[in-house]
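*Asks:* We have chain X already, so just place chains D, W and S on it with the hints.
Number of protein chains: 4
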Amino acid sequence: MTLTPDASGVFPIAPTPFNPDGTLDWASTEKLFAFYDEIGSDGTTVLGIMGEAPKLEPDESLRIVKTAVAGMPGKPVIVGVSAPGFAAMRSLARQSMELGAAAVMIAPPPSLRTDDQITGYYAQAVEAIGTDIPFVIQDYPLTLSVIMTPAVIRKIVTDNPSCVMLKHEDWPGLEKISTLRRFQADGSLRPISILTGNGGLFLDFEMERGADGAMTGYAFPELLIDVVTLQKAGKRDEAHDIFDTHLPLMRYEQQQGVGLAVRKYTLMKRGILKSDAQRKPGSAISAAAKAEVDYLLSRVAKIDPRADI
Amino acid sequence: MTLTPDASGVFPIAPTPFNPDGTLDWASTEKLFAFYDEIGSDGTTVLGIMGEAPKLEPDESLRIVKTAVAGMPGKPVIVGVSAPGFAAMRSLARQSMELGAAAVMIAPPPSLRTDDQITGYYAQAVEAIGTDIPFVIQDYPLTLSVIMTPAVIRKIVTDNPSCVMLKHEDWPGLEKISTLRRFQADGSLRPISILTGNGGLFLDFEMERGADGAMTGYAFPELLIDVVTLQKAGKRDEAHDIFDTHLPLMRYEQQQGVGLAVRKYTLMKRGILKSDAQRKPGSAISAAAKAEVDYLLSRVAKIDPRADI
Amino acid sequence: MTLTPDASGVFPIAPTPFNPDGTLDWASTEKLFAFYDEIGSDGTTVLGIMGEAPKLEPDESLRIVKTAVAGMPGKPVIVGVSAPGFAAMRSLARQSMELGAAAVMIAPPPSLRTDDQITGYYAQAVEAIGTDIPFVIQDYPLTLSVIMTPAVIRKIVTDNPSCVMLKHEDWPGLEKISTLRRFQADGSLRPISILTGNGGLFLDFEMERGADGAMTGYAFPELLIDVVTLQKAGKRDEAHDIFDTHLPLMRYEQQQGVGLAVRKYTLMKRGILKSDAQRKPGSAISAAAKAEVDYLLSRVAKIDPRADI
Amino acid sequence: MTLTPDASGVFPIAPTPFNPDGTLDWASTEKLFAFYDEIGSDGTTVLGIMGEAPKLEPDESLRIVKTAVAGMPGKPVIVGVSAPGFAAMRSLARQSMELGAAAVMIAPPPSLRTDDQITGYYAQAVEAIGTDIPFVIQDYPLTLSVIMTPAVIRKIVTDNPSCVMLKHEDWPGLEKISTLRRFQADGSLRPISILTGNGGLFLDFEMERGADGAMTGYAFPELLIDVVTLQKAGKRDEAHDIFDTHLPLMRYEQQQGVGLAVRKYTLMKRGILKSDAQRKPGSAISAAAKAEVDYLLSRVAKIDPRADI
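Sequence order for the protein chains is X, D, W and S. Residue numbers for the first sequence, in this note's numbering: 1 to 309. Residue numbers for the second sequence, in this note's numbering: 1 to 309. Residue numbers for the third sequence, in this note's numbering: 1 to 309. Residue numbers for the fourth sequence, in this note's numbering: 1 to 309.
Excised from the complex, chain X in its bound form (with noise of 0.2 Å):
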């Protein structure tokens, strides 16, 4: 199974589970991957920069992708594999396909700067790895410094048949989905899937502007799954409703820096992570910043009772 551009719904980001002295967890990535399996997610992304990918050894990026395989039989598995060297990539997004991955995602180095640097970057890339795998398109600016048009992203796509998806996590990016529906309407852009990022902070939004679903990390991926289902079925206001009340969290939770940890300690009072600990250079989260974690989610618990933990 591969991705195609119909692609659709909610792929949580996967942290990578790692114990205190540094290594990978397995037990917790066996559950994480179970429990994104359980409550309906049609997806999920693996080795992303939520992910710590570039901390990873070769042979664990590897197992953490057949662990995501086996743990969400019949899912599509994305796998990013940007890296300095095409080689790396080339090896990974190889190696991952035939591990069974449905697709790769690749992200642009942050040395780019123009649109022909942007677009002959994702030209090689595709040549190196090889047409026959398809790939997401990462367009996330505030941490790469990259900046694309959406003239940039149509030519991508354009240029490479195997691109199907795009990660959208500009910010703001409201109108560069639109732009981006209004060009596969005048016939200028073939179809393509759009998932948006950004911890989910606008999905609301997004969905209302074409997005087909959420690829992010938050630590309740079920509100994702809530909120693109209730769009897709025209409950606006209800969609809004359960949005709003995760708000004040899922923005607590999109600190550049510190998010990965309020993540893992979430995941962690969850049950689905054994540690929240990250590997070095990590980040960590104060006792203060704890108990305002725990004060939010006390609040989402009055209405939302999967926060009540």
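Keep in mind that the hints are not guaranteed to be accurate.
Because identical chains cannot be distinguished in the list, a pair is counted as satisfied if it fits within a single copy or across any two copies.
[Claimed, not checked] Once the Cα atoms are required to be at most 25 Å apart in a straight line, the calculated SDA-like pairs of lysine to any residue come out as:
1. Lys66 x Glu98
2. Lys31 x Asp59
3. Lys155 x Asp308
4. Lys290 x Asp37
5. Lys269 x Ser188
6. Lys155 x Gly85
7. Lys280 x Asp59
8. Lys280 x Pro73
Everything labelled a hint here was simulated from the structure, so no lab data went into it.
*Replies:* This is chains D, W and S only, laid out in the frame that chain X set:
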């Protein structure tokens, strides 16, 4: 009246009202400060980044200062004086104080990197404007890309007796407030006022961490006043309740690049500005975005009638 | 007299002479332009980055324009008008032209990233200053961090008939000159003048790639004139010989941050400036650095007597 | 044999030789180290930025270390181990030392900004690799955008006894060398070795400011050895004479982005590399650029017969 380190409460950051042809709209400017005064603001800040300060002619800048001083009698007006050269900074600072301003605000130029460069810059700036003018440090890494550690802020405050306030706009920034207040507690930092920015997006917890109030431009400064007042009165849950009601709109307003357009649109809808125009080069929002703001306003209005516009 | 696309030769970038107390040194300013004129410069550029333009008051800027126009009769004076807002840019541009300037130079603001942002910015700038004022594109990625591809430059030139010149300061930039001249050859770009910067560090080959001359601030503009003249006369080896003689000093001058201090020190030693002071915030060079410059001058002087000072 | 703080002389930075198909060219790799040894290099550095290290597979990296150690018997080999995660850094560092490397070199990740972040990062890195492995600080702001003040370097050296050397590549950087040597003189910094980079562009004066030698990749390391030897022997004018002869070519090689292509082309012309290929994504130089390098070589060869190739 000059600003002192025990300043506290809410100082709305004033946008600069323009007519659609790019000229200044002085009637709206007067209305704006009257509005800030009337709702119980504790002061105001003009000529900040959100005030489109670099686009103004020198005489326009001074007239804005004069209008703010006249419009908020007895309340401190802080003037952003950041400039590429110290000659311009000095002349704006001294003229503003003569016109009745209470203090000036200085942001570090984006080229600064090391701790020494930052503290050295503030030493030079204070020498330029004169040690008799109280000043506010603007700490806004997301836009300025200058990162000040708590120790750097402490050094600036200690080296420069005329420093009275920190405009805190780091993101994430909760731990920074805690650290600075710990410095005060252990005697290594003299007391200063800390007002927070970032559109108010973390004001709920910033107050709990030790902030004295808010200095930001959310289009409902009344909400900022509510949160600050409730938190000071120890009414934590009530503070979060009203804060959470506005959070969906605050989050929408806090989008880099388009935030000011959203803010001006809302202020126009509220009848405070005649136009939401920005002087060129400016940004604008689409019809879809306006409809989204309208929808968010209608949702806030279900609980907070002030948003029923 | 206005600047045309067949402008050619050497336009020294003028530093702004200050007295040690930070006031403008008008006597040296007059001397400087007289010197440029006397040695056979083809024009000059004032209020550039090296001219400490952002530190000047508006009336000082205008008086510098006036002094340059008076000091180089019959030769074109180009005025840097880059500013954060279009109102200030327009007023400086129009006033400068009234005072006899031949053209203005516009650098893109450092925040621009995508091709569309860059071409859009120039469109707005031209609308602001008026289509009747000839302008120069300043392409200086090392300092401005804005990268313009040859195609972007072509689009700016094509979209704006008032564009007459490119100040080429990319690094590395030889291929860019070749590409632009190829565009001209294939008819996709109308002819424009290309003058190069970067302290002249690659002027030897830039002329061979198709540049029309130099616009930079090396403290011996006579050397720039020699290289340009010899290359235009087809005397390649002689051009490189004299260039190589000066290269050790040019290289020393071309240090980010301290370069202006080296340049002013040399111009002071040459008797053209009374002081090497910069207006604050400025840089200075140590006694060791001065001794190094002296040593380099003595070495150049063995071959080029003009350096015997 | 491990590296000590009295290391001195010239350590060429080794490029990684590739075949045109992107595979490693092991024959050229052996030839390269034999060449470095034969001309009298004092050591070598492998897997640096110029060595295209991030594009290598782990086993390739180790084989390069092994080849260098074997090819330069009795001379120290320094291994670049910079990596996004400490697990990879540790494993490369420890395996390299087992293979006979003398030390490792660590560059700060580009995201670091404040003094505390930088010193904290080195503390964590040393903890990761072990305090028994001598290490070199790489200070290269132009590419890494991390700025270390002399005081920060002093703190890293003081906090970490295993720090033995600074790879100095700041630009401009002469004052930094002077300041560090002044720290040594006043007893606040223990002695460390300082080797300089930047393609050798300021080596003439760096030696006079107190550098112990050079660690850079200029395609004529013999010239670096000449300058270092002559300066150590107090023959200042002779050092500058031979330096100035090569400066036009060194300047040409020191172009960001294309510099490595120029370097590999020259090494290929010298018969040391079989191909000037880079592994993808790489850069290449045009026919015009090759002709320019040829011309520069012919000019250097008039005085230095080693360039007659």
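*Asks:* Against this structure, judge whether each hint is valid.
*Replies:* Against the structure, the hints:
Taking CA atoms no more than 25 Å apart as the test, Lys66 paired with Glu98 passes inside one copy only; the shortest distance there is 10 Å, against 32 Å between copies. In this homomeric assembly, Lys31 and Asp59 come within 25 Å of each other (Cα to Cα) only inside a single copy, at 20 Å, whereas the closest approach across copies is 33 Å. With identical chains, the CA atoms of Lys155 and Asp308 are never at most 25 Å apart, being 46 Å at best within one copy and 44 Å at best between copies. For a Cα distance limit of 25 Å, the shortest separation of Lys290 from Asp37 qualifies neither inside one copy, at 28 Å, nor across copies, at 38 Å.
For a Cα distance limit of 25 Å, the shortest separation of Lys269 from Ser188 qualifies neither inside one copy, at 47 Å, nor across copies, at 37 Å. Taking identical chains as interchangeable, the C-alpha atoms of Lys155 and Gly85 lie at most 25 Å apart only when both belong to the same chain, with a minimum of 23 Å there against 33 Å between chains. Taking the closest pair of Cα atoms, Lys280 and Asp59 come within 25 Å of each other both inside a single copy (18 Å) and across two copies (23 Å). In this assembly of identical chains, Lys280 and Pro73 lie within 25 Å of each other by CA distance neither inside one copy nor across copies; the values are 32 Å within and 35 Å between.
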